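Trainee: Residue numbers (my numbering), protein chains in the order written: chain G, 35 to 361; chain Z, 17 to 133.
Treat the hints with caution; some may be incorrect.
[Unchecked claim] Taking beta-carbon pairs under 8 angstroms as the criterion, some of the chain Z residues facing chain G (in silico): (1) Y61; (2) S64; (3) S102; (4) I109.
FYI, nobody ran anything at the bench for these hints, they're computed from the structure.
The structure displayed is predicted, hence computed values, not measured ones.
Note that the Cβ used here is the ideal one computed from N, Cα and C, for glycine as well.
Below are the chains, spelled out letter by letter.
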Amino acid sequence: MHAKRRSNLIDLMTPNQISTQRMQPYRVRHLPMKGMLAALLIVTCAVPVMATPVQLPAIVEPASQEHHMGKVIFVELVTPDLTAAKRFYAGLFGWTFRDIQSGRINYAAAFLDGRPVAGLIHKDAPASKDRQPAWLSFFSVADVDVVKNLALQNAAKVLFEPHSIPDRGREAVFADPQGAVFAVLASSSGDPPDVLAAPGEWIWSSLITSDPDNAAAFYQKLFDYEVFELQAHEGIEHLLLASHNYARASVNSLPAKSPNAHPHWLNYVRVEDAVKMTAKVVALGGRVIVEPRIDRHGGKVAVVADPLGAHFGLLEWPESESKKVSR
Amino acid sequence: MKVILLRWLGTLIFVVLTLTVLLLSGCFFPDGGYYDGGDIGPGYYEPSGVLYGGWGPGYYVAPYRDGDHHQVRSGGSHAFARPYRSEPASHPIPSIPSESHRGGGGGGFHGGGGRHR
């Protein structure tokens, strides 16, 4: 019955229609296979494009042969609003930016007078509201993988496994035994020279932690620091970490009034006038966390937050030894 | 029948080749295409609520400026229990450098410096 009906239909068709009709079963049979092949082809082409590593600028331009183990050689900010962050830091310090976009990555390399000064990365804020953007400190090392093993042997946690970035070097991120987060970088372009930071450049770092003694011991094992004990008020510890006769960072107790604050690294930008700069921070939408105050070197320090909440310090450091500092 | 077999064989070869290319692309691009995930670094957001209000008098964070000699803490037996190697009190405290940038080189972070002498 069906065969007869089909035969009748074919009789009514033009030759072209008959040809099309005969093709249908073949097409239907091979449609899933063709779809699969097409998908594979797309993936084959897309994966190399998507996997192309990000080209980040070197941290030293032109490249140097200097290496200063234990020195904080770079800082990166992860922020949920790259445009707002760029506007803020450009307005505050005069930084300029080179945008780097690759796939879903938005990165802004920051420069001051043509010198690389920082990296800003866009990343959406986590859903939980108990997190805030932060500046991440990168310490110079010769071998990231060796440091990783040392860190693990000394109760640190690896937050980001060692990996290589073209032109940048090899890096990894850890949490120290007290929980402060830091990164290490074996820079392929060498380390920045040991010169006085210009206003607007990073000049100093301090670790504010729950256990300064053990924290100092941990970083000494990693970076072979010399540890100096500085005179401080009772109940407050202030240690200085140095290498090759160079001051690298300080280690401080968590303030007594905020014992539950989490240990963290704080980086400072050199400024000429901390009071004026804190006013500028506020004008640009940031906040003052610690009002300018005289520190042991005779200059003022302050702690501020950018409009997205990332903390950083401001540190006055007069150029001349004899120059009077503002009080 | 033979034609169908040939077609399947062709498809199989194509699939194998495709998978090989995929695997090789993972080898050619560092970190197995890690950046596909859109991350540089850990995408670190620190816990909020960092409190700085407790920076009372005598709470110092800055480096020394004039190469003073540091003071070894007193504390009896505590001095022997320190988990780190402390520099002798006779060593002057290092500071950050006084030399300024020369030209446009350098870059990055300038937290380190020469000891003041």
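Trainee: Indicate, hint by hint, whether the structure satisfies it.
Mentor: Each hint, compared with the structure:
Interface hint at Y61 (chain Z): satisfied, since its Cβ lies 4 angstroms from the closest Cβ of chain G, which is below the 8 angstroms cut-off. The criterion of a C-beta within 8 angstroms of any C-beta in chain G is met by S64 (chain Z), whose closest approach is roughly 4 angstroms, and the hint holds. With a cut of 8 angstroms, the hint placing S102 (chain Z) at the interface with chain G holds, because the nearest CB-to-CB distance is about 5 angstroms. Against a cut-off of 8 angstroms between C-beta atoms, the interface hint on I109 (chain Z) holds, since the closest Cβ of chain G lies about 5 angstroms away.
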